[in-house]
Amino acid sequence: MQDDAAIIARVNEILAAHQGMEGSLLPILHAIQEAFGYVPQAALPIIAQDLSLTKAEVHGVMSFYHDFRENPAGRHVLKLCRAEACQSMGADDLAAHAQNKLGIEWHETTKDGAVTLEPVFCLGLCACAPAAMVDGRLVGRVDAARFDALLEEVR
Amino acid sequence: MKDFIIPDRDFGTPAAKSKTMVTLSIDGFDVTVPEGTSIMRAAAEIGITVPKLCATDSLDAFGSCRLCLVEIEGRNGTPASCTTPVAPGIKVTTQNAKLKQLRRGVMELYISDHPLDCLTCAANGDCELQDMAGAVGLRDVRYEAVETHFRAKDTSGEANPQWLPKDDSNPYFSYDPSKCIVCNRCVRACEEVQGTFALTIEGRGFDSRVKAGMKDDTFLSSDCVSCGACVQACPTATLTEKSVIDIGTPDRGVVTTCAYCGVGCQFKAEMRGDELVRMVPYKHGKANRGHSCVKGRFAYGYATHKDRILNPMIRDSINDPWKEVSWAEAMEFAATRMKGIQEKYGRQSVGVITSSRCTNEEAYLVQKLTRAVFMNNNTDTCARVCHSPTGYGLGQTFGTSAGTQDFDSVEHCDVALVIGANPTSGHPVFASRLKKRLRQGAKLIVVDPRRTEMVEGAHYKAAHHLALKPGTNVAIVTALAHVIVTEKLYNEEFIRTRCDWDEFQDYMEFVADPRHSPEAIELLTGVPAAEVRGAARLYATGGNAAIYYGLGVTEHSQGSTTVIGIANLAMLTGNIGRPGVGVNPLRGQNNVQGSCDMGSFPHELPGYRHVKNDDVRAIYEQAWGVKIDNEPGLRIPNMLDAAVEGTFKGLYCQGEDILQSDPDTKHVAAGLAAMECVIVHDLFLNETANYAHVFFPGSTFLEKDGTFTNAERRINRVRKVMAPKQGYADWEVTQMFANAMGADWTYTHPSQIMDEIAMTTPSFAGVTYEKLETMGSVQWPCNEKAPEGTPMMHIDGFVRGKGKFIRTEYVATDEKTGPRFPLLLTTGRILSQYNVGAQTRRTENVVWHAEDVLEIHPHDAEVRGIREGDFVRLASRSGETTLRATITDKVSPGVVYTTFHHPATQANVVTTDFSDWATNCPEYKVTAVQVMPSNGPSEWQETYDAQASLSRRIAAAE
Chain B
1 MQDDAAIIAR VNEILAAHQG MEGSLLPILH AIQEAFGYVP QAALPIIAQD
51 LSLTKAEVHG VMSFYHDFRE NPAGRHVLKL CRAEACQSMG ADDLAAHAQN
101 KLGIEWHETT KDGAVTLEPV FCLGLCACAP AAMVDGRLVG RVDAARFDAL
151 LEEVR
Chain A
1 MKDFIIPDRD FGTPAAKSKT MVTLSIDGFD VTVPEGTSIM RAAAEIGITV
51 PKLCATDSLD AFGSCRLCLV EIEGRNGTPA SCTTPVAPGI KVTTQNAKLK
101 QLRRGVMELY ISDHPLDCLT CAANGDCELQ DMAGAVGLRD VRYEAVETHF
151 RAKDTSGEAN PQWLPKDDSN PYFSYDPSKC IVCNRCVRAC EEVQGTFALT
201 IEGRGFDSRV KAGMKDDTFL SSDCVSCGAC VQACPTATLT EKSVIDIGTP
251 DRGVVTTCAY CGVGCQFKAE MRGDELVRMV PYKHGKANRG HSCVKGRFAY
301 GYATHKDRIL NPMIRDSIND PWKEVSWAEA MEFAATRMKG IQEKYGRQSV
351 GVITSSRCTN EEAYLVQKLT RAVFMNNNTD TCARVCHSPT GYGLGQTFGT
401 SAGTQDFDSV EHCDVALVIG ANPTSGHPVF ASRLKKRLRQ GAKLIVVDPR
451 RTEMVEGAHY KAAHHLALKP GTNVAIVTAL AHVIVTEKLY NEEFIRTRCD
501 WDEFQDYMEF VADPRHSPEA IELLTGVPAA EVRGAARLYA TGGNAAIYYG
551 LGVTEHSQGS TTVIGIANLA MLTGNIGRPG VGVNPLRGQN NVQGSCDMGS
601 FPHELPGYRH VKNDDVRAIY EQAWGVKIDN EPGLRIPNML DAAVEGTFKG
651 LYCQGEDILQ SDPDTKHVAA GLAAMECVIV HDLFLNETAN YAHVFFPGST
701 FLEKDGTFTN AERRINRVRK VMAPKQGYAD WEVTQMFANA MGADWTYTHP
751 SQIMDEIAMT TPSFAGVTYE KLETMGSVQW PCNEKAPEGT PMMHIDGFVR
801 GKGKFIRTEY VATDEKTGPR FPLLLTTGRI LSQYNVGAQT RRTENVVWHA
851 EDVLEIHPHD AEVRGIREGD FVRLASRSGE TTLRATITDK VSPGVVYTTF
901 HHPATQANVV TTDFSDWATN CPEYKVTAVQ VMPSNGPSEW QETYDAQASL
951 SRRIAAAE
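Chains as they are written, first to last, in UniProt numbering: chain B, 1 to 155; chain A, 1 to 958.
By construction, these hints were calculated from the structure, which means they are not laboratory data.
Each statement offered as a hint is correct.
List of simulated lysine-lysine pairs, BS3-like, C-alpha gap at most 30 angstroms:
hint, chain 1, residue 1, chain 2, residue 2
1, A, K215, B, K111
2, A, K771, A, K19
3, A, K153, B, K111
4, A, K436, A, K461
5, A, K215, A, K242
6, A, K666, A, K344
Covered, in the sense of this in silico footprint (three residues per stretch, anywhere, with C-beta under 8 angstroms from a C-beta of chain B), are these stretches of chain A:
hint, region
7, 191-205
8, 212-221
9, 447-459
Backbone N, C-alpha and C fix where the C-beta goes; we use that ideal spot for every residue, glycine too.
With the hints as constraints, model all of the structure from the sequences given.
Right, dumping it as structure tokens:
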């Protein structure tokens with residue numbers, strides 16, 4: 001966690017960069033997540049003030065999107081698709097394997113801080129189901145073996 | 001709206017305002033409604049109730065509950081009747097086999113995630129979910145609740161992460177997430193009605209929950225201002241008044257008027273027996289339109305507070321303890337003393353102060369007491385210390401001493417110029433209506449030394465904030481006029497037809513002088529010239545421009561001049577006499593307009609007619625059968641000065657705490673101490689009562705009949721909902737006292753007093769209780785020319801004939817900063833507390849504001865070594881007090897700010913006795929002060945506390 005003063009300074013820079021933009025709340029939240037790896041709670045009232053919104057509204061928007069995280073993730077983020085096509089191709093088994101192997105549930109991070117496991121609904125890679133995403137990189141036809149290989153890669 | 005016990009029909013969606021009418025058929029009946037009306041509302045108009053959950057007529061249609069589905073011939077599917085507008089000739093069916101089945105299915109889904117604990121639920125009998133289950137004929141729920149939001153533990157006994165505990169942080173209502181159906185009504189009410197945007201829906205899908213503020217907030221720590229709009233909107237027990245949880249549902253409702261600020265909101269006092277269960281804002285109240293603030297909605301607990309005095313009390317000297325006596329004995333004692341004083345010191349040695357908190361009828365009787373029984377004109381009222389300059393300034397320029405519009409007018413305003421007022425705190429319900437207009441695109445200009453809550457908020461921001469130095473109002477207002485005149489932005493046609501052209505020429509010559517230009521006064525006011533020019537251009541050319549102003553205008557040594565300057569601005573630009581414009585004083589107290597109307601001032605008989613006028617005096621001399629003094633009497637400050645000199649000895653003070661609310665507390669105390677008979681008529685042993693010899697216990701607004709007149713001249717009925725706890729309504733007490741003094745008054749109901757007022761006062765000639773009963777309320781003037789009252793004034797011409805332009809020369813106040821007192825103190829209010837706090841301090845409202853704090857700019861704080869929360873000494877040339885400091889850039893460097901709600905602080909020990917040149921309205925808003933760190937209470941606070949506790953003793957009954 002960074003101290004609040006540093007967060008506020010950086011958030012203010014991001015807000016300045018988005019000055020005058022129409023509908024800037026989502027781009028700002030993305031930029032903050034980009035900068036910190038998560039959206040610190042301390043940023044919300046500052047964003048609200050800047051955009052003539054309230055902290056409740058910003059919280060409402062942020063909590064609507066599962067992608068915006070309140071706390072820092074592990075060093076790597078592993079997303080497994082849970083949508084219909086992937087499910088029909090064994091995503092459930094893969095998910096169980098992944099949770100077992102990592103020893104964590106959805107949205108959790110391994111004790112060593114290396115991997116955060118997230119469910120995701122449709123990566124648009126149905127033809128290569130089951131699909132996964134490792135730090136923003138798409139991977140298709142993931143089975144247990146390929147999953148283990150991916151894990152080796154990031155550990 | 002939870003109105004099922006005491007029904008007040010909910011039409012589901014707001015009324016459409018279109019003039020074009022549309023005819024359609026619903027269930028075979030033809031109905032004609034304005035274009036834009038929803039099918040739901042059209043059906044409701046002919047008595048067909050379409051089942052609904054997420055719709056209520058205080059909010060725009062939302063279309064989420066899917067219960068109000070209907071079929072329209074020739075259209076596909078089953079549209080929601082709340083979001084579907086009417087169209088000519090369509091044929092709507094609200095009930096058939098298909099719709100019934102769909103609604104039951106929807107209801108089953110709702111109920112599958114709702115606890116079935118109706119019998120022990122606070123909303124039992126007052127729950128729309130319950131009613132709708134009945135309405136759709138729900139008999140069975142096919143879905144088994146596996147994952148729920150309402151079970152604290154899931155079926156295997158594990159804690160259910162979806163279950164959230166109750167949030168009881170707000171003192172007045174509780175939030176129970178387990179009963180929530182996520183209809184969004186609370187969130188929308190907070191946004192659309194109140195405009196605070198404190199609530200949101202967090203998460204999505206099954207995880208959607210109503211949330212106040214951010215993740216870790218509670219209702220109390222969120223932006224919530226506790227206005228109660230969400231509670232009012234909630235169809236279930238999710239948001240419920242704690243009083244309903246404690247007592248149960250009410251069984252009757254009485255419509256009455258709030259006794260806090262000058263907005264004059266109407267409420268339904270909902271009762272069970274003689275216990276008040278809750279105050280619910282009244283949808284048909286024309287000032288509030290169904291909205292409320294924390295004070296009127298919830299802060300009525302003072303009426304039953306243990307501090308309330310219920311027996312009359314007397315004592316020989318203020319050093320003695322009080323002795324409780326019978327009413328008769330108290331009257332006898334008071335009358336004997338007052339008669340004795342008049343015999344010894346003369347007719348002019350006694351006087352009265354009428355209350356702006358009491359009813360019109362009560363104020364009328366109190367001034368009648370001094371004029372017809374004491375036989376002098378020594379009457380004054382607390383308007384002296386707030387809006388007396390409004391009376392003078394608007395009287396001189398327009399010809400009436402009142403605001404020109406009704407509150408509905410704000411819905412048509414394009415530019416709002418708010419001067420020296422903080423409606424968000426002082427007039428919250430009006431602020432909500434203004435903010436709604438601002439969110440629709442109207443522009444805002446704020447003139448205030450402090451960056452108040454009004455300057456920016458959710459979804460709006462003032463176009464210009466002129467953060468002037470306290471005391472320079474006249475300079476700014478004249479500079480605005482300078483820009484309008486020199487840039488030729490004035491409305492010549494309006495001025496030629498409606499105002500005196502010669503006076504305008506003279507005024508134009510005066511303001512056009514370069515010494516009034518924004519550039520010339522920049523150093524003086526501290527406001528950048530460009531901002532002033534921008535604001536002037538916006539006001540003059542932005543469309544319908546309305547001025548709303550408050551005590552920041554009047555409570556200055558040049559208060560009356562500023563009011564005149566404001567009137568000049570409106571006349572220059574032609575912003576008078578139609579909806580959306582005008583000059584609107586935001587009156588402080590519930591009935592300050594009324595108490596002024598009722599002749600409370602020493603120079604005016606009711607209806608603002610000077611006592612020098614023989615014909616006016618003749619009316620009253622005939623009605624009252626006495627001779628009326630033709631010389632104006634004493635104003636409050638004059639009374640106190642005369643008391644110190646030894647010529648004024650007796651005072652009957654009804655419902656005003658002059659010791660706390662009037663400036664220069666030490667002087668007030670000295671005046672009161674010098675009197676031989678001070679009669680205080682109040683709910684509580686207030687600060688003034690420390691110097692009183694007789695105490696008449698007062699009755700609350702819940703305990704009497706009468707009328708209040710609000711800031712828009714609206715005469716609202718106050719209705720008795722319970723018997724006076726101390727035996728008599730205030731008007732009865734005044735009558736008993738007058739009769740003890742030898743009068744022969746025989747009023748048996750306040751309506752008879754109103755009849756007398758109507759008979760003697762032209763502007764009230766048409767007012768009767770019957771009319772108020774049928775019309776709900778009426779705005780004066782109400783007479784033969786305007787039998788239904790006058791929502792808007794000066795439509796075709798000014799009351800005085802031609803509008804009068806008057807020069808407004810800026811003269812700096814004598815209260816100046818210097819090396820010893822380098823800072824300027826200005827005072828104000830906060831939302832949760834009211835005036836001297838006698839009422840609100842005796843309610844749970846103290847959770848929001850437990851003490852007065854001093855706002856100081858970081859720069860001023862740093863050079864004095866003051867940190868956040870430090871105890872500081874606040875000293876002026878008059879006196880000093882101590883309080884805690886908070887560091888904020890809401891105030892400019894060189895300016896400090898505090899409130900005056902708490903007697904422990906006594907901010908008025910510090911304020912000076914400078915006052916308005918025309919009306920003696922004290923200069924509360926400017927005091928040169930010094931601030932320094934301190935360890936504890938000042939000497940004055942300690943002596944005062946000792947005197948107060950000594951004086952408040954009540955002797956034990958023998």
